[in-house]
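**Q** Sequence:
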Amino acid sequence: MTREQYILATQQNNLPRAENAQLYPVGIYGWRKRCLYFFVLLLLVTMIVNLAMTIWILKVMNFTVVSTTMTLYLLLLVQRRYSTVIFIFK
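Read in order, the letters of the sequence shown are residues 4 to 93 in the working numbering.
Simulated from the structure, these hints should not be mistaken for laboratory data. Check the hints yourself; a few may be wrong.
Listed next, with one range per pair, are the computed distances between beta-carbon atoms [stated by the list, open to error]:
#: 1; residue 1: L44; residue 2: L78; range: 47 to 53 Å
#: 2; residue 1: W59; residue 2: K36; range: 32 to 38 Å
#: 3; residue 1: M56; residue 2: K36; range: 41 to 47 Å
#: 4; residue 1: C38; residue 2: I60; range: 53 to 59 Å
#: 5; residue 1: L80; residue 2: I60; range: 29 to 35 Å
For every residue, glycine included, the Cβ atom is placed at its ideal position computed from N, Cα and C.
All chains, please: the whole structure from these sequences, using the hints.
**A** Printed below as a string of structure tokens:
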């Protein structure tokens with residue numbers, strides 16, 4: 004704080020003050036509040052749709068915990084050990 008700001012802030016103010024000073028409410032009101040709620044709702048719906056589509060894609064593509072590479076590697080090991088041909092049917 005500069006010296007001039009300190010002097011101005013500490014000087015006596017001789018202006019009369021209203022006894023019942025109206026306090027302004029702090030917050031979001033009216034159309035701004037509705038727009039904010041709409042934005043939050045839109046974001047929530049987008050997240051839910053995104054999660055649902057991700058789960059649907061995982062189901063449709065038949066992803067498993069064990070990867071395809073690991074499955075093929077295990078099949079090769081079994082074929083080498085037992086010298087048999089293994090067919091997998093779904």
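**Q** Please go over all the hints and tell whether each is borne out by the structure.
**A** Cross-check of the supplied hints:
Between L44 and L78, the C-beta spacing of about 49 Å keeps the proposed range 47 to 53 Å intact. For W59 paired with K36, a C-beta distance near 35 Å keeps the hint of 32 to 38 Å intact. Remark: the range hint 41 to 47 Å for M56 to K36 is contradicted by a beta-carbon distance near 31 Å. In this structure the hint that C38 and I60 lie 53 to 59 Å apart at CB is violated, the actual value being about 32 Å.
Between L80 and I60 the Cβ separation comes to about 31 Å, which falls inside the hinted range of 29 to 35 Å.
Violated hints, listed in ascending order, are 3, 4; each of the other numbered hints is respected by the structure.
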